[in-house]
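Line by line, the protein sequences are chains A and B.
Position 243, counted from 1, in the first sequence is what numbering that gives the first Met the number 0 calls 242; the numbers after and before it change by one each time, with no gaps.
Position 92, counted from 1, in the second sequence is what numbering that gives the first Met the number 0 calls 91; the numbers after and before it change by one each time, with no gaps.
These are calculated hints, taken from the structure and not from any lab test.
A hint or two may mislead.
What the hints assert, rightly or not - Calculated lysine-lysine pairs in the DSSO-like style (CA-CA distance at most 30 Å, straight line):
| hint | chain 1 | residue 1 | chain 2 | residue 2 |
| --- | --- | --- | --- | --- |
| 1 | A | Lys-269 | B | Lys-85 |
| 2 | A | Lys-33 | B | Lys-186 |
| 3 | A | Lys-40 | B | Lys-186 |
| 4 | A | Lys-16 | A | Lys-296 |
| 5 | A | Lys-33 | A | Lys-335 |
| 6 | B | Lys-85 | A | Lys-265 |
| 7 | A | Lys-47 | A | Lys-180 |
What the hints assert, rightly or not - Computed beta-carbon distance windows for the label pairs:
| hint | chain 1 | residue 1 | chain 2 | residue 2 | range |
| --- | --- | --- | --- | --- | --- |
| 8 | A | Ala-227 | B | Gly-219 | 43 to 53 Å |
| 9 | B | Gly-219 | A | Met-300 | 32 to 42 Å |
| 10 | B | Glu-84 | A | Met-3 | 34 to 44 Å |
| 11 | A | Asp-1 | B | Gln-191 | 19 to 29 Å |
| 12 | B | Pro-49 | A | Asp-208 | 12 to 22 Å |
| 13 | B | Asp-60 | A | Ala-262 | 29 to 39 Å |
| 14 | A | Arg-266 | B | Arg-166 | 51 to 61 Å |
| 15 | A | Asp-87 | B | Gln-191 | 10 to 20 Å |
We treat Cβ as the ideally placed atom computed from N, Cα and C, and that holds for glycine.
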Amino acid sequence: MDTMTSMDRVMASLSHKEPDRVPVFLLLTMHGAKELGMSIKDYFSDAKNVIEGQKIIHAKYRNDCLNPFFYAATEIQAWGGDAIFIDDGPPNAGAPIIRTTEDIDDIQPPDMDHPILRMGLEAIEGLVDHADGQIPVIGTVLSPFSVPVMQMGFEGYLNLMYEDQDSFWRLMRKNEEFCVKWGNEQAKAGVTAVAYFDPLASSSMTTPDQYRLTGMKVAERVISRMDAPTATHLASGRALPIIEDIVSTGTGALGVCTLEDLAELKRVCKGRLSLLGNLNGIEMRRWTAQQAEEKVKDCIMKAGPGGGFILSDNHGEIPFQVSDEVLLAIRDAVDKWGEYPLDWIV
Amino acid sequence: MVESLSDFVYKTLTTLRINFMISRMKGHKTLDLTEAAMDLEGYFLAVDKPSAFALLDRLTDTSTGTEIVDDVIMPALESIGDRWEKGQVSLSQVYMSGKIAEAMVDKVILSTGHQADSGGSVAVAVLEDHHNLGKRILASVLSTSGMQVMDYGHALSVDELVSMVERDGVDYLMISTLMLPAALRVKDAMIQIKERSPHTKVIVGGAPYIFDPALGEEVGAHAVGRTATESLNILKRMMREGA
Ligand code: B12
Chain A
0 MDTMTSMDRV
10 MASLSHKEPD
20 RVPVFLLLTM
30 HGAKELGMSI
40 KDYFSDAKNV
50 IEGQKIIHAK
60 YRNDCLNPFF
70 YAATEIQAWG
80 GDAIFIDDGP
90 PNAGAPIIRT
100 TEDIDDIQPP
110 DMDHPILRMG
120 LEAIEGLVDH
130 ADGQIPVIGT
140 VLSPFSVPVM
150 QMGFEGYLNL
160 MYEDQDSFWR
170 LMRKNEEFCV
180 KWGNEQAKAG
190 VTAVAYFDPL
200 ASSSMTTPDQ
210 YRLTGMKVAE
220 RVISRMDAPT
230 ATHLASGRAL
240 PIIEDIVSTG
250 TGALGVCTLE
260 DLAELKRVCK
270 GRLSLLGNLN
280 GIEMRRWTAQ
290 QAEEKVKDCI
300 MKAGPGGGFI
310 LSDNHGEIPF
320 QVSDEVLLAI
330 RDAVDKWGEY
340 PLDWIV
Chain B
0 MVESLSDFVY
10 KTLTTLRINF
20 MISRMKGHKT
30 LDLTEAAMDL
40 EGYFLAVDKP
50 SAFALLDRLT
60 DTSTGTEIVD
70 DVIMPALESI
80 GDRWEKGQVS
90 LSQVYMSGKI
100 AEAMVDKVIL
110 STGHQADSGG
120 SVAVAVLEDH
130 HNLGKRILAS
140 VLSTSGMQVM
150 DYGHALSVDE
160 LVSMVERDGV
170 DYLMISTLML
180 PAALRVKDAM
190 IQIKERSPHT
200 KVIVGGAPYI
210 FDPALGEEVG
220 AHAVGRTATE
230 SLNILKRMMR
240 EGA
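Looking at chain B on its own, in the form it has when it is part of the complex (with noise of 0.2 Å):
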């Protein structure tokens, strides 16, 4: 029988109940923020923005502004991009939390002035068509991080695209396609980008590359994304390794 969405998302809650129990009886300071992100998941699915910005409230009474982005929200919001990624949450909920995310930061920088440090230009990009809705939840997730980026447009052919990345010496390209046509210039965009911007990390991502994981390779890209939120580690370990 399958387990029903209900069932999952029972057993989920209750493990990480559990481990936040056994966690506490250990007595670590981080534990209200661990408990505050499993709460904050379960506002974000049920885009409940009420109750997120009301534990944001409580939040900075307590916590730094660094505590409440990186210890609550982003767990959050990753925890649902692989749940996505599983087939156990949908794309509504994964845009829905992406969006109150960001509004949530925003009151963090009012209220804390919390600033991320950024460890070099990241700019995010749709090419060739309109399909915007992967570029804008990726866009979200980053900024949400604390990151600044570019935010380079939609329907690029590869030539305006490869023009912008050298104009402003990108260190970090992110690239959405959602046609298969879209995703197979990504090469083009590869041969020109390693040219004349040989700097530049260039991680790609969209339906085409979820349903063929050999896609990336093929097209020369530097590395695939499955979800926005994966897109954020392959970035950290890039400039863990650049640096």
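Isolated chain A, as found in the complex (with noise of 0.2 Å):
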């Protein structure tokens, strides 16, 4: 039985303290427009759909979180560049808007004026509302070191960080101003937390020893600047080899991935960084009610100890092909083995 409201359990458990029961963050964002009957184009061309979706999806599955996150994409979109909608899956950035360096000297950080990031303050000052300080609200960025592979292309951004540091770091800056403007955006519009996704951190991306070079100085510069706390998301990128580094980035909490071991990870980043994670998203799609409820067990298991640890999928969102059922079976699985003390962990 719960007995705290979503915003004091997530709270208890980034603070390292068991609360009633295990927190769950189902970080769903197009099963909105499933639930209002509509594309997933229309649904975000207006916040409106994303508040009533986001009301509709938390009441359905008695979520701890409310996620107004639209789609990585409209930070390019603001950039001035576009977003490729397809039917049954979340839009992806268009051409690259950076060709040359010179083209890094040009552009300018985006304006919180454009319509694109009014659209998604609009959609988080509805849900704050709706929260009424009961529910975490969750914002988003892009990490300033993951942003490029949006904004030149993978092979583009690579080439850049090997061959053309000064531009590299031109860009950097550039991309930290935007990130740090557009994150106290978001606190000022009232965000609990920030999500700050920077799966080029992850080892499974770029070598520890470039992360500490690069990534983890801009990560240090940006969440110092933040106005709300930060969760660091590797969008199911590998951690373990840079854990000491995350952590002192100054970041509370972050996501992992079913690449690594969860009680490893739990054993590593006890007491310092809360885990999020880490139900694997792709494989979803394919599980019984039967499965999911293993999955959430296992976690639960491996990472619920001692609190510190919010039960999430591994990448920061669920795919759209993710059925009811099984985030139901998910959701009524963490009732039945997510209530603290976890007694029936021997």
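Starting from the two chains in their separate frames, assemble the complex, guided by the hints.
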């Protein structure tokens, strides 16, 4: 039986204490469109839809957060690029907006009045209002270190990183300026915390040494200037080799993935970094209700004890293809296995 | 305690060195090439292009083009691919290694006239979107190994892709996808390919297939590759079986 509000539950867990039960963030974005019987494109064309969709999702799955996130490419739209929509998944960024190093000098960080950012803020304000301080509302920024993959293509960005340090740092400065403003605008609109999406930090993507000289410095600067607490998410990249570095960026939580052992992650992070994860979103679409329960139970067993854990998927967004039945089975399993104290764990 | 990356690298290198010393004592001719492959792997991982090319210069004096490619460059790349899958090296290293390797092979071809034999036509493609890097890495591994690869580009619809395959009578098609919807769309492509180009063998890869190992079978692909270098072994196996 739940005895705390979602806000108190999440806050207790993030303080490495055991609340009434394990908090659960079902990070659904496109499912709101399904609920409202709309195309994904139409759904994301108006903040009112996202507010409505998130309210429905929150009630249906008894979620411990509200998630006003639209999709990653909104930031690219703000920088002057496009998003390409499809019917059955999240939109992607269109053609790169940075093609030459001169473009890095020419582009200007977007104004906070850009319509796509205003729409995002409107969704946040609507959900903050609805939450009334009882439910965490999660904001999202893409890290200055990871967003260039969308700004200039992955290959172009890797070449820049290795071959043109000056231009790399010029781009970081511009991206940092935008990221801090955008995160703080969301904080002003009332988000409880900001998710700092930084998959390029992951040792799946860059080497720990490379990260320490680049993305980590960026993260330290940005996070120290954020007016809301942050949770870093590697979008399902590996984290173990850089845990100490992530702790030192000042972030409070970390989204971790199924490529690594959750028990090991918990051991290394315990008391220092709360964990968010790590149900496999891609596999989830084929789970039975029973498998969903087993996976939830396994996660709780490995990371639940002592708090500092929010059950979630391992990417920060559950694919459109995942059925309501599976999502409900996940949620029910949290009630069944997530109540503290976790006496069933021997 | 987690093994730190440097500990791991140290241990691996030590093991490799010991194996190398043992085989040197046995006195094989390929020994220098094994050592060279290990050195090259180190240069690749450190993205040390000058040392990689200095090594190449030394090798061209004593080895054939085929030896350099098959016994030095490819084993180094393969080892890096395997280690990426295990989480021991990063994608930036995989990408840069492929890039340096390609440049090395260009030089090998110039200086030794090395030409690999091709066992069938191979095409690479990205379905639906602009996520090119997987295909780029794949193409560099395949061409480094000496294969002639047709690059079908990216953002292809199923119809466009199948028409190209049918037009060219492609023997081996490699599809790279990053987004789940695109990975699922391979199912439609497979149905059409089986009808319109039944001899074509399809190998798929990309993040969704890594996170869901059953996905390749679900969409009906002939094989799934978890790394670009693995695709080469799959191809070789298919070519042998097909021959
Ligand atoms: C870095 C990253 C980001 C970065 C950059 C993304 C980009 N490339 O544009 C940012 C933060 C911007 C981002 C955003 C998004 N992301 Co993202 N991201 C990742 C991450 C961590 C790596 C992706 C990547 O580019 N890898 C590089 C490529 C080259 O790796 P790869 O595909 O695995 O390829 C290797 C092998 O698989 C193999 N290979 C590849 N193709 C082939 C083909 C054959 C035949 C063979 C044999 C081998 C092979 O070779 C390569 C080298 O070894 C993955 C998770 C992960 N751990 O993989 C998620 C992931 C790709 N993201 C995902 C999603 C959904 C998104 C967003 C759509 C989220 C949103 N709602 O906005 C956006 C889209 C961004 C855009 N482009 O518009 C999902 C996609 C699957 C899904 N759920 O649909 C993933 C898989 C996360 C997950 N677990 O669900 N992301």
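Verification of the supplied hints:
1. With a C-alpha separation of about 24 Å, the suggested pairing of Lys-269 of chain A with Lys-85 of chain B holds against the 30 Å cut-off.
2. A hinted pair counts as satisfied when its Cα atoms are at most 30 Å apart, and Lys-33 of chain A with Lys-186 of chain B qualifies at roughly 23 Å.
3. Among the hinted pairs, Lys-40 of chain A with Lys-186 of chain B is consistent with the structure: their alpha-carbon atoms are about 24 Å apart, no more than 30 Å.
4. Taken as a hint, the Lys-16 of chain A and Lys-296 of chain A pair is honoured in the structure, with Cα atoms around 19 Å apart against an allowance of 30 Å.
5. Taken as a hint, the Lys-33 of chain A and Lys-335 of chain A pair is honoured in the structure, with Cα atoms around 27 Å apart against an allowance of 30 Å.
6. Pair hint Lys-85 of chain B plus Lys-265 of chain A holds up; C-alpha atoms about 20 Å apart against a cutoff of 30 Å.
7. Restraint check for Lys-47 of chain A and Lys-180 of chain A: the C-alpha separation of about 23 Å stays at or below 30 Å, so the hint holds.
8. Distance hint for Ala-227 of chain A and Gly-219 of chain B: a CB-CB separation of about 47 Å, consistent with the stated range 43 to 53 Å.
9. The hint said 32 to 42 Å for the Cβ distance between Gly-219 of chain B and Met-300 of chain A, and at roughly 36 Å that hint holds.
10. As the Cβ distance of Glu-84 of chain B to Met-3 of chain A is approximately 42 Å, the hint placing it in 34 to 44 Å holds.
11. Hint check: Asp-1 of chain A to Gln-191 of chain B, Cβ distance near 51 Å, so the stated range 19 to 29 Å is violated.
12. Separated by about 19 Å at the C-beta atoms, Pro-49 of chain B and Asp-208 of chain A satisfy the suggested range of 12 to 22 Å.
13. Taking 29 to 39 Å as the suggested C-beta distance range, the pair Asp-60 of chain B and Ala-262 of chain A does not conform, at roughly 53 Å.
14. The hinted window of 51 to 61 Å between Arg-266 of chain A and Arg-166 of chain B holds, with their beta carbons roughly 55 Å apart.
15. Hint check: Asp-87 of chain A to Gln-191 of chain B, Cβ distance near 19 Å, so the stated range 10 to 20 Å holds.
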